[in-house]
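Participant: Could you put the whole structure together from the sequences, leaning on the hints where they help?
Taken in sequence, the protein lines are chains A and B. Position in the first sequence (from 1) plus 5 gives the number in my numbering. Position in the second sequence (from 1) plus 21 gives the number in my numbering.
What the hints contain is simulated information worked out from the structure, not anything from laboratory work. From a predicted model like this one, the values you see are computed outputs, not experimental measurements. All residues carry an ideal CB built from backbone N, CA and C; glycine is no exception. Please note that the accuracy of each hint is not assured.
As the list claims (entries may be wrong) - Pairwise CB distance ranges, derived in the manner of DEER restraints: (1) A:Val22 to B:Asp171: 39 to 45 Å; (2) B:His300 to A:Phe44: 16 to 22 Å; (3) A:Tyr35 to B:His300: 32 to 38 Å; (4) B:Asn234 to A:Val22: 30 to 36 Å.
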Amino acid sequence: MIIDHPLLGPRDAAEFVYLGDASLINRPDYDADNAAQDFYEYLYLRDNIAGEMRELWYHEQGDRSWLVVTRNTLTHEISKVELARDVARAQGRDR
Amino acid sequence: MRYSALQILKQGLTGNKGWTPAWREPEPKSDYDVIIVGAGGHGLATAYYLAKEHGITNVAVLEKGWLGSGNIGRNTTIIRSNYMLPGNEPFYELSMKLWEGLEQDFNYNAMISQRGILNLAHSDPQRDAYARRGNAMLMAGADAVLLDEDGVRKLCPDMDFDNARFPIKGGLWQKRGGTVRHDAVAWGYARGADERGVDIIQNCEVIGMQIENGVCTGVETTRGKIGAKKVAVCVAGSSSRVMSLAGMRLPIESHVLQAFVTEGLKPTLPGVVTFGAGHFYISQSDKGGLVFGGDIDGYNTYAQRGNLPTLEDVCEVGMALMPNIGRSRLLRMWGGVMDMSMDGTPFICKTDINGLFFNGGWCYGGFKATPASGWCYAHLLATGEPHETATELRLDRFITGNMVDEKGMGAQPNLH
Numbered sequence: 006m007i008i009d010h011p012l013l014g015p016r017d018a019a020e021f022v023y024l025g026d027a028s029l030i031n032r033p034d035y036d037a038d039n040a041a042q043d044f045y046e047y048l049y050l051r052d053n054i055a056g057e058m059r060e061l062w063y064h065e066q067g068d069r070s071w072l073v074v075t076r077n078t079l080t081h082e083i084s085k086v087e088l089a090r091d092v093a094r095a096q097g098r099d100r
Numbered sequence: 022m023r024y025s026a027l028q029i030l031k032q033g034l035t036g037n038k039g040w041t042p043a044w045r046e047p048e049p050k051s052d053y054d055v056i057i058v059g060a061g062g063h064g065l066a067t068a069y070y071l072a073k074e075h076g077i078t079n080v081a082v083l084e085k086g087w088l089g090s091g092n093i094g095r096n097t098t099i100i101r102s103n104y105m106l107p108g109n110e111p112f113y114e115l116s117m118k119l120w121e122g123l124e125q126d127f128n129y130n131a132m133i134s135q136r137g138i139l140n141l142a143h144s145d146p147q148r149d150a151y152a153r154r155g156n157a158m159l160m161a162g163a164d165a166v167l168l169d170e171d172g173v174r175k176l177c178p179d180m181d182f183d184n185a186r187f188p189i190k191g192g193l194w195q196k197r198g199g200t201v202r203h204d205a206v207a208w209g210y211a212r213g214a215d216e217r218g219v220d221i222i223q224n225c226e227v228i229g230m231q232i233e234n235g236v237c238t239g240v241e242t243t244r245g246k247i248g249a250k251k252v253a254v255c256v257a258g259s260s261s262r263v264m265s266l267a268g269m270r271l272p273i274e275s276h277v278l279q280a281f282v283t284e285g286l287k288p289t290l291p292g293v294v295t296f297g298a299g300h301f302y303i304s305q306s307d308k309g310g311l312v313f314g315g316d317i318d319g320y321n322t323y324a325q326r327g328n329l330p331t332l333e334d335v336c337e338v339g340m341a342l343m344p345n346i347g348r349s350r351l352l353r354m355w356g357g358v359m360d361m362s363m364d365g366t367p368f369i370c371k372t373d374i375n376g377l378f379f380n381g382g383w384c385y386g387g388f389k390a391t392p393a394s395g396w397c398y399a400h401l402l403a404t405g406e407p408h409e410t411a412t413e414l415r416l417d418r419f420i421t422g423n424m425v426d427e428k429g430m431g432a433q434p435n436l437h
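Facilitator: Written out as structure tokens, the structure is:
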């Protein structure tokens, strides 16, 4: 698989480390009333999508940026690559 | 029909006209006592033991494709019980004991070959760790022998013992481990279950679950609705997809594991050998091909094929252990989709929905577990209680904090 890095261009997927579902960006609020349940779901439960999935890849052998890659888990086709930073900012986070 | 040497002789002398199909192709009935979703090794074993050990024969096994078309046909055929944790080892040792009597039990030649499995140690601490693991195995009734370097040399002279970085210092030898003709396991269980009245219904995909007031009353399939008192899902690799029909999210990610076979060679390995300094395991098939594999690719996928970086890595590790395989050519490679659970351990348990049961999360260790998985799942379905060797294989262990993490990796599926 080739990941088209927004800053560095096409890079071999072997340069990256995979974390999983991009929803892992959204860590639950530790202070909420149901924090224990929220963290259980955050840590352990997964949608495990068959089809287009947004996922986190870390460019460990490169510029060490986190990317949000939209990839089809049935075909391995990559349709979109974004910097995770931009995705988080678009959601209203400061970093 | 009972298979025997006498039967072969009789059929041979009468033109082989008397052989009958090994199983029927029945139409689905409107209701069953138990529906098993998935006619793979584990599902068929479950049906077989339900019928044989518990007398429950009003059972259907539903299969999307053809029976045995999943991971029972896509593995490296290794059997072993060299685990350590108390939640794991008795279960895998039960499986080993069932393997040992399986061919006589279901009257089918599964070519079970107890040629042994050897885990190599490359340092003193690693040998100590194997001593501890071996003791845990002995305490669970399994067999284990700690070998020194000479002992390993006698077994496998063809390896790179004096490697500068990873010299071979010894190993943990389980003589009762070995390999099995994997497809024959599915066929033997299917034939044995069918003989006892179980309906194996192929080309019948489950597309919905009938759940009313928290009770599962059956499934919707591509061949119509089928009612059941109990629905037992057993579709490792696709567990998340099927259980999502019941609205459940699982502690599972689907990953691909690749395996490789070389051209046939003269005998060079006594049994299964695993490298201790990288993830690599290798055995030699009866036809002489070296069968080997290593890590999963590491990203979520439902495609039954992997990518080249993993192939390169596995071959590099293999060359570090056995430089002599560098001249042999790869004949075939394939990938299977694994249910990678969050702690590397499977599930055989009830769910919060009454009448709906779950078996999955086998990571890349499902094949060796086939008999015990069927045995324990049948026990759970028939009695309502988990089998004594499978009490820790529960879905709720993550919320209660009772993970069974054999490798101590934490909640990161692609590291198990």
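Participant: Are the hints correct? Go through all of them and say.
Facilitator: Now the hints, each set against the structure:
1. Checked against the hint of 39 to 45 Å, the C-beta distance between A:Val22 and B:Asp171 comes to roughly 40 Å, which is consistent with it.
2. Checked against the hint of 16 to 22 Å, the C-beta distance between B:His300 and A:Phe44 comes to roughly 30 Å, which is inconsistent with it.
3. The beta-carbon spacing between A:Tyr35 and B:His300, approximately 35 Å, falls within the hinted interval of 32 to 38 Å.
4. Checked against the hint of 30 to 36 Å, the pair B:Asn234 and A:Val22 fails, with Cβ atoms roughly 45 Å apart.
Going through the hint list in order, the structure does not satisfy hints 2, 4.
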